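Participant: Here is what each chain is made of, one letter per residue.
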Amino acid sequence: MTKADIIEGVYEKVGFSKKESAEIVELVFDTLKETLERGDKIKISGFGNFQVRQKKARVGRNPQTGKEIEISARRVLTFRPSQVLKSALNGEAPPENHAEIDAREEEADEHDEFDESDEQDFVEEEDGKP
Amino acid sequence: MTKSQLIDCIAAKAPHIPPRRIEALVNAVFDQMTQALKEGERIELRGFGCFGVKSRPARLGRNPKTGEPVPLPARRALSFAAGKELRERINRACLALDSGSEAPSRRPLMADRSTPVLTSSSITAGEEAPRI
Chain A
1 MTKADIIEGV
11 YEKVGFSKKE
21 SAEIVELVFD
31 TLKETLERGD
41 KIKISGFGNF
51 QVRQKKARVG
61 RNPQTGKEIE
71 ISARRVLTFR
81 PSQVLKSALN
91 GEAPPENHAE
101 IDAREEEADE
111 HDEFDESDEQ
121 DFVEEEDGKP
Chain B
1001 MTKSQLIDCI
1011 AAKAPHIPPR
1021 RIEALVNAVF
1031 DQMTQALKEG
1041 ERIELRGFGC
1051 FGVKSRPARL
1061 GRNPKTGEPV
1071 PLPARRALSF
1081 AAGKELRERI
1091 NRACLALDSG
1101 SEAPSRRPLM
1111 ADRSTPVLTS
1121 SSITAGEEAP
1131 RI
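First to last, the protein sequences are chains A and B.
If you number the first sequence the way our numbering does, the last residue is 130 and the count never jumps.
If you number the second sequence the way our numbering does, the last residue is 1132 and the count never jumps.
Chain B on its own, in the form it takes in the complex:
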């Protein structure tokens, strides 16, 4: 899906708003986000995820062709972590595909605590799941 397809899709869901306005609004959303990240601000979108800016120190890289050391300046890099809801939704769809027609439970495998298998939801639940 591209940005223009996203705009079309939203236009279909909001037929009472002229498509031109939707386009302007969608562009403004990504502009806002870019601006915030540029200022080093973190973006927290409940259910979707978090965007953050991390500083990477300067380091000595290497030209892989010649093996020559190349100084690399300190940089700011973007990090994104999907939020819990989205992570679970993405995995639920996956489990649904795996198990055929049966509807997957919300927290598969969590019922049987003796099973030493971590699901994404158990890993990310945090409290008792060990971090690997």
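Chain A extracted, bound-state conformation:
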């Protein structure tokens, strides 16, 4: 699915003009990008949370040569799907206390700002190709 498919689907579902659908879909992702660029967190209920996390510089290793190199400090974007979305992926009904679980996980994230181990720093080959 690409942005064009989302525009098409939104248009079919909501039924306003195609131009309006295209405009809003663009604005959705532009606004999300601007917000994340500022370092703000985004919470979309029923979908998930986007969060920018600060990573400290650390020493990595080139797996081919074994040479140590410094990986500079950086900010990375993480996405945590909501319980509702996770359940939907598995064809289940969302747990009754899904809001509570989401809140708990979010709380855990807050205290986990500098954990280097749990999130990937950069992406696998599935990253969006230009």
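These aren't lab readings, by the way, just hints derived from the structure by calculation.
Just so we're clear, the structure is a prediction, and the values are computed from it rather than from any experiment.
By construction, the Cβ of each residue, glycine as well, lies at the ideal position given by its N, Cα and C atoms.
All the pointers check out, no bait thrown in.
Ranges of calculated distance between the beta carbons of each label pair, as one might list FRET restraints:
id	chain 1	residue 1	chain 2	residue 2	range
1	A	Ala99	B	Ser1079	19 to 27 Å
2	B	Gln1035	A	Phe16	15 to 23 Å
3	A	Ser17	B	Arg1059	43 to 51 Å
4	A	Gln64	B	Ser1004	42 to 50 Å
5	A	Ala93	B	Leu1072	14 to 22 Å
6	B	Leu1060	A	Phe16	49 to 57 Å
7	B	Gly1061	A	Ser87	17 to 25 Å
8	B	Leu1060	A	Ala93	22 to 30 Å
9	B	Val1070	A	Asp5	33 to 41 Å
10	A	Val59	B	Lys1013	42 to 50 Å
Here the structure of chain A is known, so what remains is to put chain B in place on it, guided by the hints.
Facilitator: Relative to the frame of chain A, chain B by itself:
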């Protein structure tokens, strides 16, 4: 920012569209995405990122309290990877904060190839950057 704030923000940028319609459209966007992921479809949003569904095999977990083994069923999990543009924009803002008022170059540190420092852009550029 929450979904309702996102809707308000878009409404401010598109004053010619009634807010009620914007709300319906924004909800439809996330519904569409959820539906596609439910069907196992990958979502590629140029400049923003990719959402994909990955299968996790069944495994034997453990109740951390009792130490008792618990069988966990195979599950589908969601993966998200930020796209290049967004990744760079997020880091550029970060570098701008670090270096004070000076405007950061688009590819900081890339000019001096002898420096054994990887920036996020050099890592993700892929061709010559080693993967760690």
